[in-house]
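> In full-length UniProt numbering, the protein residues as written are 1 to 278.
Don't read these hints as lab results, they were simulated from the structure. All C-beta atoms, glycine included, are put in the ideal place defined by N, C-alpha and C. Where hints are given, some of them may not hold.
[Unchecked claim] Label-pair restraints from in silico Cβ distances:
| hint | residue 1 | residue 2 | range |
| --- | --- | --- | --- |
| 1 | R29 | D203 | 24 to 34 Å |
| 2 | D108 | A259 | 37 to 47 Å |
| 3 | P173 | A140 | 19 to 29 Å |
| 4 | L233 | A133 | 26 to 36 Å |
| 5 | H66 | D251 | 51 to 61 Å |
| 6 | W207 | D39 | 30 to 40 Å |
| 7 | R256 | D77 | 33 to 43 Å |
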Amino acid sequence: MTLASSVIVPYAAYLRVYEPLAAFPEPERSHWARYAKRDDLPGAQDELRRSLADLLPVPPVAVPVHESADAFVTAVDGVTCVCPWRTRLRGWLALEELPERLPGPLLDAALPPVVRRQAVADYERWLERNPDARPWIRSATWHVPVRWFVLFSDEEREYTKGDDGLILRYRTPMVQARRRVARGLKVLKEALGEGPLIDGLVDVGRWLEEFHPRSLVELDYGGLVHTVPAGQLEDDHSAADVAEGLAALRDGDGERAGAAYERLTDRWSTVRGRQNAS
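Generate coordinates for the entire structure from the input sequences, incorporating the hints supplied.
What follows is the structure, given as structure tokens:
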């Protein structure tokens, strides 16, 4: 992505949406149709390497000067679907979060105030011309947000070894993801009334509504697979724990819901500990 995001994203998980070509207006649709036919399509590691390349310029570059023309590509029931990287837009969004993640002196050293102010001004001008813009990819550092697991079932979990190493991901049709968000919100609101988990799930639900109903939703552990021992990774069934917790809340079984939540917190506290150690 950018210097801003790369400095604080050594290991990240990703929530992605792959949209069918029909969802894109021309001439972008034709661009992605040609792009999907390439033999040398880049993967997640290619995106990461290009992100790290942004660390090289002096003075530092907060966000790319030009938007990426790359995307992740997959097929859903024979239909080509793409997930544009949109690294420039994601860089701007990551820049907004930096003050909450880095101490002031460290932030100023990584990205001087004048660089950040220029990036913000560029984003504001761009947003005036693109008021409906939204990213196809969301990221989270050193953990997977609990609300993301609500979108998936344990049966959709894939744990394999690819060309770039271990892969742990979930994939589900958009219609299923939206249905699970709605059901999860109903349970949480009845059991808890309000809270950050509900607010976060509402935000994810609104984001999903921006995409084509025949899209594919993917949760990719990304770099987090490097922070968890292989044995623990193999036993990681966080989506099942979240589903168990929601079912327990629906049944009014607080003890069972608490046990599911404890499994989640224990698992991710280990990963968070590695962040602090770094």
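> For a quick check of understanding: which of the numbered hints are violated here, in increasing order?
Per hint list: zero violations.
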